[in-house]
Amino acid sequence: MSILIESIQTVHQAGILPAAPSPGGGGGMSNPFSDIVPDFSVLGADFNSKWKKIFAAFWFGCLIIGGAYVLRGFVVMNQHKGSNHPHELAQARGDLNKAALAFAGMVAFNTIIGALIFLVS
1 MSILIESIQT
11 VHQAGILPAA
21 PSPGGGGGMS
31 NPFSDIVPDF
41 SVLGADFNSK
51 WKKIFAAFWF
61 GCLIIGGAYV
71 LRGFVVMNQH
81 KGSNHPHELA
91 QARGDLNKAA
101 LAFAGMVAFN
111 TIIGALIFLV
121 S
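Per our numbering: the sequence shown = residues 1 to 121.
By construction, these hints were calculated from the structure, which means they are not laboratory data. Just so you know, even glycine gets a beta-carbon here, dropped at the ideal spot from N, CA and C. Please note that the accuracy of each hint is not assured.
[Said to hold, decoys possible] Derived pair list, reagent style EDC-like, types lysine to aspartate or glutamate, alpha-carbon separation capped at 16 Å:
1. Lys53 to Asp35
2. Lys52 to Asp39
3. Lys50 to Asp39
[Unchecked claim] Between beta-carbon pairs, the in silico distance windows are:
4. His87 to Phe60: 35 to 41 Å
5. Ile117 to Lys53: 17 to 23 Å
6. Met29 to Val75: 18 to 24 Å
7. Asp39 to Leu71: 38 to 44 Å
8. Ile113 to Phe74: 24 to 30 Å
Put together the whole structure using the sequences plus the hints.
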């Protein structure tokens with residue numbers, strides 16, 4: 001055994017550090033935040049509806065800007081297709097790939113967040 005593991009076992013046996021909480025709930029420390037749930041209605045129903053509208057407007061703006069970058073990527077790539085500059089075409093293709101990936105992430109944002117909340121809860 002390593003010195004680190006022996007030291008940790010010695011400290012636990014001496015009672016200096018508490019034992020890790022068990023999954024069954026026997027012993028250990030309980031979560032003090034287990035009953036706390038975020039609630040925006042504390043600030044009023046008006047605030048609750050306004051922050052959702054502001055977020056939706058921000059998301060819409062991001063989608064518009066992301067779509068513009070994707071269109072720009074297609075235009076730049078098309079401009080470099082007929083030229084004899086393969087490096088510029090490769091760079092334009094890379095820019096288009098980045099813009100398309102970012103746009104796909106923005107479109108799928110709702111699904112991604114929903115999946116994360118489902119997995120956590």
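Going through the hints against the structure:
About 28 Å separates the Cα atoms of Lys53 and Asp35, which puts this hinted pair outside 16 Å; it is violated. Taking the CA atoms of Lys52 and Asp39, the gap is about 13 Å. The hint holds against a cut of 16 Å. Of the pairs offered as hints, the one joining Lys50 and Asp39 holds, with about 14 Å between alpha carbons and a cut-off of 16 Å not exceeded. Range check, His87 to Phe60: about 36 Å between beta-carbon atoms, so the 35 to 41 Å window is met.
For Ile117 and Lys53, the Cβ-Cβ distance of about 21 Å falls inside the hinted range of 17 to 23 Å, so the restraint holds. About 59 Å separates the C-beta atoms of Met29 and Val75, a value inconsistent with the hinted range of 18 to 24 Å. Between Asp39 and Leu71, the C-beta spacing of about 41 Å keeps the proposed range 38 to 44 Å intact. A C-beta distance of roughly 28 Å is found between Ile113 and Phe74, which places it inside the suggested range of 24 to 30 Å.
In summary, the structure is inconsistent with hints 1 and 6 from the numbered list given earlier, while agreeing with the others.
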